[in-house]
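Listed below are the residues making up each chain.
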Amino acid sequence: MDLNYTPEDLAFRKQVRAWLEQNLPKDVSTLEERRAWHRKLYDAGYLGMGWPKEYGGGGARPMEQAIVADEMARANAPAPTNGLGLGIVGPTIVVHGTEAQKTRYLKKILTAEELWCQLYSEPNAGSDLAALRTSAVEAGDHFVVNGQKIWTSGGAIADWGLLLARTDTKVPKHKGISCFLMNMRQPGVDVRPLKQITGSSEFCEVFMTNARVEKSDQIGKLGEGWAIAQTTLGYERGGRALARVTTYSSQFNRLMEAARRLRRHGKPLLENPVVRQKLGRIWSEIEVERYQALRTLTQLERGEHPGAGGSITKLSYSEFEKRFMELALEILGPYGQLTKGAPQDFALDIDTAIGERGSWAYAYLWSRAGTIYAGSSEIQKNVIGERILGLPKETRADRGGGKA
Amino acid sequence: MNFSFTDDQILLRNSVRSALDEQCKPEHVRAMFDDPRGYGEALWGEMAKLGWLGLPFTEEQGGAGLGLVELAIVLEEMGRAAYPGPFFATVVLGGLGIQLAGSAAQKDRWLSAISAGKARATAALLEEHLDWDPASTIATAAREGSGWKLSGVKRFVPWAHVADVVLVPARAPEGLSLFLVDPKSPGVTLLPMVGIDLASRWSEMRLDKIMVGADAVLGAPGAAGPALDSLLRRGAVMASAEMLGAARRCLDMSVAYVKVREQFGQPVGSFQAIRHRCSEMLLEAENAHAAVYYAAWALAAGAEDAGQAASICKAYVSDAARKVCGDSVQVHGGIGFTWEYDLHLYMKRAKALEPLFGDAEFHRELIVRHLTSAR
Chain A
1 MDLNYTPEDL AFRKQVRAWL EQNLPKDVST LEERRAWHRK LYDAGYLGMG
51 WPKEYGGGGA RPMEQAIVAD EMARANAPAP TNGLGLGIVG PTIVVHGTEA
101 QKTRYLKKIL TAEELWCQLY SEPNAGSDLA ALRTSAVEAG DHFVVNGQKI
151 WTSGGAIADW GLLLARTDTK VPKHKGISCF LMNMRQPGVD VRPLKQITGS
201 SEFCEVFMTN ARVEKSDQIG KLGEGWAIAQ TTLGYERGGR ALARVTTYSS
251 QFNRLMEAAR RLRRHGKPLL ENPVVRQKLG RIWSEIEVER YQALRTLTQL
301 ERGEHPGAGG SITKLSYSEF EKRFMELALE ILGPYGQLTK GAPQDFALDI
351 DTAIGERGSW AYAYLWSRAG TIYAGSSEIQ KNVIGERILG LPKETRADRG
401 GGKA
Chain B
405 MNFSFTDDQI LLRNSVRSAL DEQCKPEHVR AMFDDPRGYG EALWGEMAKL
455 GWLGLPFTEE QGGAGLGLVE LAIVLEEMGR AAYPGPFFAT VVLGGLGIQL
505 AGSAAQKDRW LSAISAGKAR ATAALLEEHL DWDPASTIAT AAREGSGWKL
555 SGVKRFVPWA HVADVVLVPA RAPEGLSLFL VDPKSPGVTL LPMVGIDLAS
605 RWSEMRLDKI MVGADAVLGA PGAAGPALDS LLRRGAVMAS AEMLGAARRC
655 LDMSVAYVKV REQFGQPVGS FQAIRHRCSE MLLEAENAHA AVYYAAWALA
705 AGAEDAGQAA SICKAYVSDA ARKVCGDSVQ VHGGIGFTWE YDLHLYMKRA
755 KALEPLFGDA EFHRELIVRH LTSAR
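Protein chains in written order, with our numbering: chain A, 1 to 404; chain B, 405 to 779.
Subject to a maximum C-alpha distance of 30 Å in a straight line, what follows is the list of computed BS3-like cross-link-like pairs (lysine-lysine):
| hint | chain 1 | residue 1 | chain 2 | residue 2 |
| --- | --- | --- | --- | --- |
| 1 | B | Lys663 | A | Lys393 |
| 2 | B | Lys663 | A | Lys175 |
| 3 | B | Lys752 | A | Lys278 |
| 4 | B | Lys755 | A | Lys322 |
| 5 | A | Lys278 | B | Lys727 |
| 6 | B | Lys755 | A | Lys278 |
| 7 | B | Lys727 | A | Lys322 |
| 8 | B | Lys727 | A | Lys393 |
| 9 | A | Lys340 | A | Lys267 |
| 10 | B | Lys522 | B | Lys429 |
Simulated from the structure, these hints should not be mistaken for laboratory data.
In isolation and in its complexed conformation, chain A is listed as follows (with noise of 0.2 Å):
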């Protein structure tokens, strides 16, 4: 056990520092200024840095790109665009696409040139997913495909999507699942903004009628949607661990330096023994996370996948940071609420991905979606207690044949 970086961890994090120094741009708000912030963080070689180098990755150690994402996360650059594409739709043509797919699609990715979507969930398949009802029906050289997604995340500016849809009804509901590449760009999908409790629309529903996915989009076997769908679950999960700590610890700078200056019964709120007190609970809570994520880190640096492990890591940070944005807005009172004319001192400069800037407001509704997205907290227990404990799955409805 050392948990000193090295030397070379050392200088490496020095030169991503100065790189970012030199080159983070003043204002990204445009969809043409985001890829083109993304193109210049892959030309430095920061983006796609865990992809194999023959597909245009970088090769490079968990550690090195968990450096990036945590400098970035220090000098609040904005997020580069394709994350999805990044993140999911990427490795998983990388473990099971075909060399045409692997050729047409990777380097596209990497630079931004097509952004990806994932058709996931449906209004009635969220965490029964494998209960979705989409249709893709071979014809000929083509699939057909019909049907509804929604929480589809960059759907709006999607070029492409990772698609699930059913290809068989008459076996059990995770049998018939399959897997697809879908050109957004075409009459059959109609892609409508969702608009949340932020008020801003990161999500889309996405409408299906008569859309055609070819049959060399055709991601794996027939059948094996599902469990290919598990396999790029886990790639949401790991790289990002240290920026999203170095992100909370930037937030809690802005709330420490706010209770200072907030004041209640004469004095400033952080000499309130009972405030003070729920600032140490959640700052133990911030430095417990950092030590997870350096186990998390050193798990991956060994080439270990943390598998279902990477569910409690989900729930930690998910359910914590809930915690964390309610104690800011109790702290700032009626300053956490504004989503305009917030002044400096109680305003919270973050990018968030939408070409808006943030503020407390939208951290603390938007906090309200980690323990939703990507799996519900209860999902994660779930996979926690069957997977991790061992303990017997519960009797349900659906676990024989049938029709979804």
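Put chain B on the given structure of chain A with help from the hints.
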């Protein structure tokens, strides 16, 4: 960067676990409830032989020359076994205290005796007001001839009734000082304080103008503050390690039980109400693990954030162990509330350690002080 145990550390954990599985079964823990000394000499001798008693001391002192991470590994296992005996008192409180503050002669004398299993030690860090801040010490030390005269009342002194030496903080004219006191010397009265964890022993220790020699001062008179702060941090992290072990045991027992206990025609562990609670318990145990071993490493390595990490550790693990152990009783249902079932041994161990060396609230205040003084 490597946040995982080395092969040697894993070997150590496995050997401590198998030794305690063998020699510190629940029956042994229970047998010690009514034992006047409260621990088994045979196991103590075994621990000396295995090198546990001298684990953090140098080889010249008869020790193994290992660090606080290894000591935390041993203490986690002791929590897991609800080990009854003065290991923590002797090695952490007495041993590390002497190592931190003692002269070469004091270390020579005591650390080799501790390592060899020939001496037991402890520290009297708490008084009536229960303030863990060493600066709040009320007991007094006055110069008398070439030595000192000590007076005061210490409470919750772990395993004082079997100790050969007790580290006693007292206020001298020079300031806060630390003394080595033989609890059998005239003027010292020990009264048992019996808590819910019958496998841990506490005494009230009254010092009525007792005399100690000039060589009984640890370090320079008036200079004990920093050593006591360091000892408090080490005590907090090592107590957290023991709580972690107790919590792990409670979790393991819960998971095993809910797999076989049936109600409504199926194992209760298949119900989400139970399964989700067990998953939350595992999450807390995993986070507690990270907090304990990060802090143990930071203290051992003298990391910049070691003091803060120790407080974060005690604050986090105190809360986590309370939740895990409390929930373990809940998922067991009625059986977990019976004396004959072993769950309460571990739950009570964690509970006994929870307020020691500063509870969560105490340490959260220290954390905020670290944060506000850092800028």
